[in-house]
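The task is simple: from the sequences and hints, build the whole structure.
One-letter residues, chain by chain:
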Amino acid sequence: MFFPISNSHISPVYLAAIGFLIGILGGFFGVGGSFIAGPALRAVGLDWNFAVGTDLAHIVGKSVVAAKRHRALGNVDLKLGLIMAVGTMGGAEVGAQLIQMLKRAGNVNFVVSIVSIAIYLSISSFMIWEAWRTLQYQKRRRPHAKIPGTAAKQDESSFSHRTAAIQRLKIWPMISLPASGVTAISLWVIILVSFIGGLFSGFLGGGAGYIRMPMLVYVLGIPTHLAVGTDLFEIIISASYGTFSHAIKGNVDILIALVMHTGAAIGAQIGAISTQYFAGPKIRLAFVPLPLIGAAIVIYTLVTGHKL
Amino acid sequence: MAHKSPTKKEKTNTLRAFLVELGIYAVFVTGYFFLVLHYLSEWLQDLHLNHVRLYALATIVLIIGQAVLLENVTTWLLRLLRGRSE
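Heads up: the protein sequence lines correspond to chains G and X, in order.
Using our numbering, the letters of the first sequence correspond one by one to residues 5 to 312.
Using our numbering, the letters of the second sequence correspond one by one to residues 168 to 253.
No lab work stands behind these hints, which were simulated from the structure alone.
C-beta atoms are modelled at their ideal positions from N, C-alpha and C, and glycine is treated no differently.
Errors might be hidden in some of the hints.
[To be verified] Mimicking BS3-like on lysine-lysine, the simulated pairs with C-alpha atoms at most 30 angstroms apart in a straight line are:
1. Lys253/G with Lys176/X
2. Lys286/G with Lys176/X
3. Lys83/G with Lys286/G
4. Lys83/G with Lys174/G
5. Lys107/G with Lys253/G
6. Lys143/G with Lys253/G
[Unchecked claim] Covered by chain G, per the in silico footprint, the following chain X stretches (three or more residues, Cβ under 8 angstroms):
7. 213-224
8. 227-238
[Stated by the list, open to error] Some chain X residues judged to face chain G by a derived CB distance under 10 angstroms, without partners named:
9. Glu188
10. Leu189
11. Ala193
12. Phe195
13. Val196
14. Tyr199
15. Val203
16. Leu207
17. Ser208
18. Thr241
19. Leu244
20. Leu245
Right under this line is the structure:
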């Protein structure tokens, strides 16, 4: 199929299949899936600028579907999502400015690669450690409590004592998040978390769900299912902003995004529904390979000099 | 009360419903490719070249519009094939 905007020939079946795969990942983990979509679009000859912008547009559509499904399952905290959208957009702008600064200094690729590898490996290591400890603790305490779909949302974390300490920080204004079961938390902590997520989004590209979802769980103390759903809702707003910005710069082929989204729409539903059957620590443990894939792609790029 | 849980049967039914849903969805999407995207491409290309702000706005409207449409279609298919809402 010919896509005149980006002047490229790509099989619609390939695009829908990639969308389907990323849709499942997005619906299940609350991530945008740029670390797969970007290289997948590049692999069929799409220019890098179009790959980035088009991927963002497709993320908007996929997140609408997955967030709508998560909302039906009671997994979206709208208040938290709206607050986070503000911080994310601010962070994304600062991240983009940092990239411009590094471009002027002439070492953008090396710095971004090293930072991203360090971040990806740290997130994966920490999540393996935490989810494993929590699962071992649960196994010792209640070896027979395994009721799919009901006990699944009862979330626990071996990091919860640190999360409680963060929630006790009394920095005005304090707000409550009843939908997430958080009685009081400083607004600034939420803004900081979303700002960091946005910073990485602007700095490393994509939606940065790989860093935002773990921070929602470990820093803000949001149950994993709600963290996934709320992250997706927040991504709708921040990725729409990014899409608009890239479209003005001529980096979006919306026809490719629409075709990709036909696969993502059904994949996202499957991913979102699947979260019902897994407990929080298991979702977190299954999340671990995603940042590792991201790290592997960056290491490959750094070693070979070929951008995937 | 004893509650029999035919897990394997349930799984088979779910898989069958999913495959039927995927088949119907594929037919729908193929028609959509040819009917809608074919007619949109020239108009979008013109916007992309000559009215970039309008094009940016159209990208957001189109992707969200399609997302809502396809979400409704897939939900309807799920209900139709499984006889209940998820």
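Structure-based check of each hint:
{"no.": "1", "hint": "Lys253/G with Lys176/X", "verdict": "violated (53 angstroms)"}
{"no.": "2", "hint": "Lys286/G with Lys176/X", "verdict": "holds (25 angstroms)"}
{"no.": "3", "hint": "Lys83/G with Lys286/G", "verdict": "holds (26 angstroms)"}
{"no.": "4", "hint": "Lys83/G with Lys174/G", "verdict": "holds (20 angstroms)"}
{"no.": "5", "hint": "Lys107/G with Lys253/G", "verdict": "holds (18 angstroms)"}
{"no.": "6", "hint": "Lys143/G with Lys253/G", "verdict": "violated (53 angstroms)"}
{"no.": "7", "hint": "213-224", "verdict": "holds (count 6)"}
{"no.": "8", "hint": "227-238", "verdict": "holds (count 9)"}
{"no.": "9", "hint": "Glu188", "verdict": "holds (8 angstroms)"}
{"no.": "10", "hint": "Leu189", "verdict": "holds (7 angstroms)"}
{"no.": "11", "hint": "Ala193", "verdict": "holds (9 angstroms)"}
{"no.": "12", "hint": "Phe195", "verdict": "holds (9 angstroms)"}
{"no.": "13", "hint": "Val196", "verdict": "holds (5 angstroms)"}
{"no.": "14", "hint": "Tyr199", "verdict": "holds (7 angstroms)"}
{"no.": "15", "hint": "Val203", "verdict": "holds (8 angstroms)"}
{"no.": "16", "hint": "Leu207", "verdict": "holds (7 angstroms)"}
{"no.": "17", "hint": "Ser208", "verdict": "holds (6 angstroms)"}
{"no.": "18", "hint": "Thr241", "verdict": "holds (5 angstroms)"}
{"no.": "19", "hint": "Leu244", "verdict": "holds (9 angstroms)"}
{"no.": "20", "hint": "Leu245", "verdict": "holds (8 angstroms)"}
Of the numbered hints stated above, those contradicted by the structure are hints 1, 6, listed in ascending order.
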